[in-house]
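With the hints as your guide, set chain B onto chain A.
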Amino acid sequence: MWGEQIRMAMESLRANKFRSLLTMLGIIIGSSTLVAVLSLGNALQGQVFESFIDLGTRRIGILPGDPDAAGARITSGYGLLSIKDYEALKTMTATYPDIFRVIVPEVSIKVRARAKTTEIDALVVGTGEGYQQVQSVPVEYGRFFTASESAESARVTVLGGLVVEDLFGKGPENKAAAVGQTVVINGQSLLVVGVVKAAGGPFSSDQRILVPAGTARLRIAGNQDLPGRGLQMSSILVGLKSEGKVTQAEALISQTLRDSRRLAAGAVDDFKLNSPTQSLNILKGINGAITGFIALVAGISLVVGGIGIMNIMLVAVTERTREIGVRKALGATDRDVLGQFVIEAITISLIGSLIGIGSAVALVLAIAAAAGLGMILSFPAIIISLVFALAIGVGFGYYPAKRAALLLPIEALRYE
Amino acid sequence: MSTPVISVSNVTKVFDGGDNRVVALDNVTMHVDRGEMVAIMGPSGSGKSTLMTVIGLLDVPSSGRYMLDGIDTSTLDRDAQAAVRNQKIGFVFQNFNLLPRLTALQNVALPMVYGRIPPAEREARATAALVAVGLGNRLKNRPNELSGGQKQRVAIARSLVNNPEFLLADEPTGALDSRTGHEIMELFRTLNRTQGITVVVVTHDAEVGKQMDRIVSLRDGVINMDALHDYYGIATDDHGRVRTAVQEVVNVG
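So the sequences go chain by chain: A and B. Residue 134 in the numbering used here sits at position 134 of the first sequence; the count goes up by one each step and never skips. Residue 236 in the numbering used here sits at position 236 of the second sequence; the count goes up by one each step and never skips.
Just chain A, same shape as in the assembly (with noise of 0.2 Å):
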């Protein structure tokens, strides 16, 4: 019964090809983007993953407050992060060698570099030899600054991976030959000891110039301290020992902070932590609010597929009364009626979706091809899709196949 079912729906859709195509039309559209879509998606979503995964997820950001922040006091200077602060930290952390590894400040400066006659504008990033350990900073030739170096406010940098390229010009010979020249900023000359590898992405090193801190704040800042609060810092960072650790660490941090900054009890953060886990769930969600969106869209395509569908089942419940009237007849019951025209809307939307589904596979393996992504395809996106269509194809055609079915024999007979 159910071969017949199917055999007679395909009959019947390569009676009418191009009507047929025509009314597959929204759910190809609907299918292949869901597909393209998620796939694609995810994708995206895996290396941004992957970048994360890169910096460790055991570390804690503190950052700046924002002067605009609800209850922020209106002072010069709100929130900068100062050495004071750092310092006070440093001590704490070093209270729980449990909780805490390592704890590096950020201390970000906007500079023109020159290396022999090439000049260009770049990032200083004033650090500790502890950097490694909670940035990604892969030394590709050389070294990374040792701690004696750090202590001694040496004159030394590492370069980022693409900041040695603007500098000393593109290919592995002349990134390694960087190393042992000298770059010179604010009129200090510094020598290069190592080179980052270009990782790409936003949280990268490509675009910076690393130094120790206090290289960057007695040599290259002179005079930019602020008075009364040493150094602002961009960031300081710190690494944990475990991820469990966070909530733990962080309550520490904040406690000491408020100590070193004299909150007042009551009195709002004048500071702000973050962990790549928030910020990789901040960007999963907008990666995932973007990907929604597009699904969503094509789920209306498939929905409007869907209403295609529904029209052309009444259309062809309309033309084939005659041979509705002559199946119940021939002794057709109800429910073959209704099978057969629910099982021709679910072969037209199934075909539909395998379509649909086809051009996304050929399409997403091209670009993961084109892109190097390897690969990416979303099976559960084709699994979803394939359900999707199963059951736009039952809902939609249910009521003209519903009107075929509860048609009188007589009067489907009669049609002209």
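These are computed hints drawn from the structure, not numbers from a lab. Note that this is a predicted model, so its numbers are computed, not measured. Some clues are possibly wrong.
[What the hints assert, rightly or not] Computed spacing ranges between beta-carbons, pair by pair: (1) Asn224(B) / Gly3(A): 43 to 53 Å; (2) Leu408(A) / Ser63(B): 16 to 26 Å; (3) Thr75(B) / Arg335(A): 18 to 28 Å; (4) Leu390(A) / Asn10(B): 44 to 54 Å; (5) Ile71(B) / Arg335(A): 14 to 24 Å.
[To be verified] Chain A residues, not near chain B, derived (Cβ > 10 Å throughout): (6) Tyr141; (7) Ala198; (8) Asp269; (9) Ser275; (10) Asn281; (11) Ile290; (12) Val361.
Built from N, CA and C at the ideal position, the CB exists for glycine as well.
Coordinates of chain B only, in the frame set by chain A:
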């Protein structure tokens, strides 16, 4: 005497279209025994088509009783009605009503699809039925590749394929030329004589009526003649009904 195949007792059918209330059948009683060849005749509007739809279980009477092969049809729900149509009635229509996208074989097999008969048996029986009506060489042709007479033969094969209690033919020669129509009537006669199949033909055509054994004539929803004849125009009576010459009946129509 065995149970009549068709037993219509005091059947009335009223079509209530608001202002115009039409009594299509008015207290009609008639019976058909196994092996009979009966023509139901009458001019248009006489109620013969309505009687056909009642006998064919395509419509239900407003009142009265219709026993089909001993089954009280008023007790049947829609599914049971479909099953009875499938198993006990073989329909033949004026305009053949073959499904255009199906081959002759598939058309003939269709009642067996609804009878839930396995595909292999369907094919064997449908083939045999087509051979029996002389279309053994037209199995794979679609209706648009067949002549009118061939289409009606396919339809007759289809009506026979589930071994029904009776064939119910509605103007079976209406869309055919007279020679082909005569051949179709000969086929009915052959089936009746050789296999004892009960045939009920609804027609307004006197020539068709003449080729049947018994004529039931309606006018204005009432049976005004129910006569047997022996093909030579002389009626014989074994039902206690009116004895008359067929020519007279035909004149009524």
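Taking the numbered hints from earlier one at a time, note which ones the structure violates and give those numbers from smallest to largest.
The structure conflicts with no hint, since it agrees with every one listed earlier.
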